[in-house]
Amino acid sequence: MTMKKIMILATVAAALAACNNEEDAFVDNRDPNVIYMTAGVDASAAMTRTLSNFPNQTVDGAKIAVVARYYDNTDLATNWEDPYIDNEPASVSDNGNGGYSFTWTKDQYWPVGGNKLQFIAYSPIVNESNSCIVTNADKKSLTITLPATDNTQMPDIIVANRTNESNEEDKKIIGYKANTSTGDGNVNEGAQNPVTIDMQFRHILSQLDVIVKGSKVNATNEAVVSKVEVIVADNATKKTFDMEADLTPATSVGFTNETGTASTYTYTGAWSLNSGAHTVNGSRCIYLFPETESSVTVPIYVKDASTLSCETQLPDVVLGSVTNGGYLKKGKKTTLTVTIEGTDVVLTGAVSAWENQGEYNATIK
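Each step along the sequence shown adds one to the number in this note's numbering, with nothing skipped, and position 295 is 1295.
What the hints contain is simulated information worked out from the structure, not anything from laboratory work.
Just so you know, not all the hints are guaranteed correct.
Cut-off 20 Å, straight-line C-alpha distance, at most; resulting in silico cross-link-like pairs (EDC-like, lysine to aspartate or glutamate) [stated by the list, open to error]:
| # | residue 1 | residue 2 |
| --- | --- | --- |
| 1 | 1172 | 1072 |
| 2 | 1116 | 1128 |
| 3 | 1213 | 1311 |
| 4 | 1172 | 1229 |
| 5 | 1238 | 1258 |
| 6 | 1238 | 1150 |
| 7 | 1213 | 1229 |
| 8 | 1172 | 1081 |
| 9 | 1172 | 1086 |
| 10 | 1116 | 1170 |
| 11 | 1139 | 1246 |
| 12 | 1116 | 1075 |
| 13 | 1139 | 1082 |
| 14 | 1227 | 1341 |
| 15 | 1171 | 1198 |
| 16 | 1332 | 1156 |
| 17 | 1172 | 1198 |
| 18 | 1333 | 1156 |
| 19 | 1139 | 1081 |
| 20 | 1139 | 1150 |
| 21 | 1106 | 1128 |
| 22 | 1238 | 1138 |
| 23 | 1139 | 1258 |
| 24 | 1303 | 1198 |
| 25 | 1227 | 1209 |
| 26 | 1172 | 1082 |
| 27 | 1303 | 1316 |
| 28 | 1238 | 1156 |
Label-pair ranges, simulated between beta-carbon atoms [unchecked claim]:
| # | residue 1 | residue 2 | range |
| --- | --- | --- | --- |
| 29 | 1153 | 1053 | 18 to 24 Å |
| 30 | 1079 | 1168 | 20 to 26 Å |
| 31 | 1131 | 1249 | 26 to 32 Å |
| 32 | 1258 | 1152 | 19 to 25 Å |
| 33 | 1318 | 1249 | 19 to 25 Å |
| 34 | 1313 | 1127 | 35 to 41 Å |
| 35 | 1284 | 1341 | 44 to 50 Å |
Just so it is clear, CB atoms sit at the ideal spot from N, CA and C, and this is done for glycine as well.
With the sequences and hints as input, model every part of the structure.
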């Protein structure tokens, strides 16, 4: 039996803290070999995080998946293809202190020999991603595919591979439990090192809002926008993401192209051009890949307001043609505002930081 497969399954009561008064001592009855995970809230967040704010909620709550490999070992394989923890899921719960806790679906244990592990994690788990993500043979990358017709099925993919916002080598998520052999087949129980291991999740996709409004369409402004489409070309609908990549740039770092199929997202209504601006995609942003604005086309259709007939297609809008900053950035939201003035289409755009849902910290104890 390899060292990787050896697990101590018995629950051992360990005294983790002792005070001068013995009755005040805290005793932890958890198995000390299980990898326990909790999460804190980024101190720079704009609002207090609650469980409902964690991305990718389902009827069963949100989940993350964790991959871990041996790290810096001469006696054991350290490749991701045969990981120590292979995309194992854990449920997210509220820890009662404004943060999160994670509970393994199946308990995962520290290596009994005290070997170091490197961790990466992501959300959602594959079987709750509406078939939008799959894991690859290298176990550290995801192939991501945009839905063909319904972008509300696209999850908000988050990834963690460092303990903070930097991409410095010494910030990799590394930990171990310093167990040692006594030479007679027994093991001296050690403590986790370091005591807490922070995980910081970051968004890897881009968000898009499309807003339409009218100005001087005709004498009475009796026109409505009846349909808006967001068409994503086949070269921007499928990509592979390396979860070890640098997560800090708001660019397409970490992504490689795959062969995809064009997607079309259709939004219908009767948005009067004299009643202000309308976000055609509603309250839910459209998720796209970063730096793919030149492959995103937005056709707009209008009708006569009185008869709702004679639908007319206006000139197509290419997101990449917006000159006022309308570019898709990783972890940021782009707003495309289309102002219809008579037969002219005026484009404006802006890129803003992701709203109140930037980084998520996790701690493995």
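Hints, verified against the model:
1. 1172 / 1072: holds, 12 Å
2. 1116 / 1128: violated, 30 Å
3. 1213 / 1311: holds, 17 Å
4. 1172 / 1229: Distance ~42 Å between residue 1172 and residue 1229 Cα, so the pair is violated.
5. 1238 / 1258: holds, 5 Å
6. 1238 / 1150: holds, 15 Å
7. 1213 / 1229: holds, 15 Å
8. 1172 / 1081: With a Cα-Cα distance of about 18 Å, the restraint between residue 1172 and residue 1081 holds, given a limit of 20 Å.
9. 1172 / 1086: The given pair, whose Cα atoms are some 18 Å apart, holds under the 20 Å limit.
10. 1116 / 1170: Holds: residue 1116 and residue 1170 sit about 14 Å apart, inside 20 Å.
11. 1139 / 1246: At roughly 17 Å apart (the allowed maximum being 20 Å), residue 1246 and residue 1139 satisfy the hint.
12. 1116 / 1075: holds, 12 Å
13. 1139 / 1082: Status holds; Cα separation ~8 Å.
14. 1227 / 1341: holds, 17 Å
15. 1171 / 1198: Holds, at roughly 9 Å.
16. 1332 / 1156: holds, 12 Å
17. 1172 / 1198: holds, 10 Å
18. 1333 / 1156: Status holds; Cα separation ~12 Å.
19. 1139 / 1081: holds, 6 Å
20. 1139 / 1150: violated, 28 Å
21. 1106 / 1128: Cα-Cα ~17 Å, so holds.
22. 1238 / 1138: holds, 18 Å
23. 1139 / 1258: holds, 17 Å
24. 1303 / 1198: Distance ~54 Å between residue 1303 and residue 1198 Cα, so the pair is violated.
25. 1227 / 1209: Holds: residue 1227 and residue 1209 sit about 15 Å apart, inside 20 Å.
26. 1172 / 1082: holds, 19 Å
27. 1303 / 1316: holds, 16 Å
28. 1238 / 1156: holds, 15 Å
29. 1153 / 1053: 18 to 24 Å: Given range 18 to 24 Å: holds, Cβ gap about 20 Å.
30. 1079 / 1168: 20 to 26 Å: holds, 23 Å
31. 1131 / 1249: 26 to 32 Å: This hint holds: roughly 28 Å between Cβ atoms.
32. 1258 / 1152: 19 to 25 Å: Holds - the Cβ-Cβ distance for residue 1258 and residue 1152, about 22 Å, lies within 19 to 25 Å.
33. 1318 / 1249: 19 to 25 Å: holds, 24 Å
34. 1313 / 1127: 35 to 41 Å: holds, 40 Å
35. 1284 / 1341: 44 to 50 Å: violated, 28 Å
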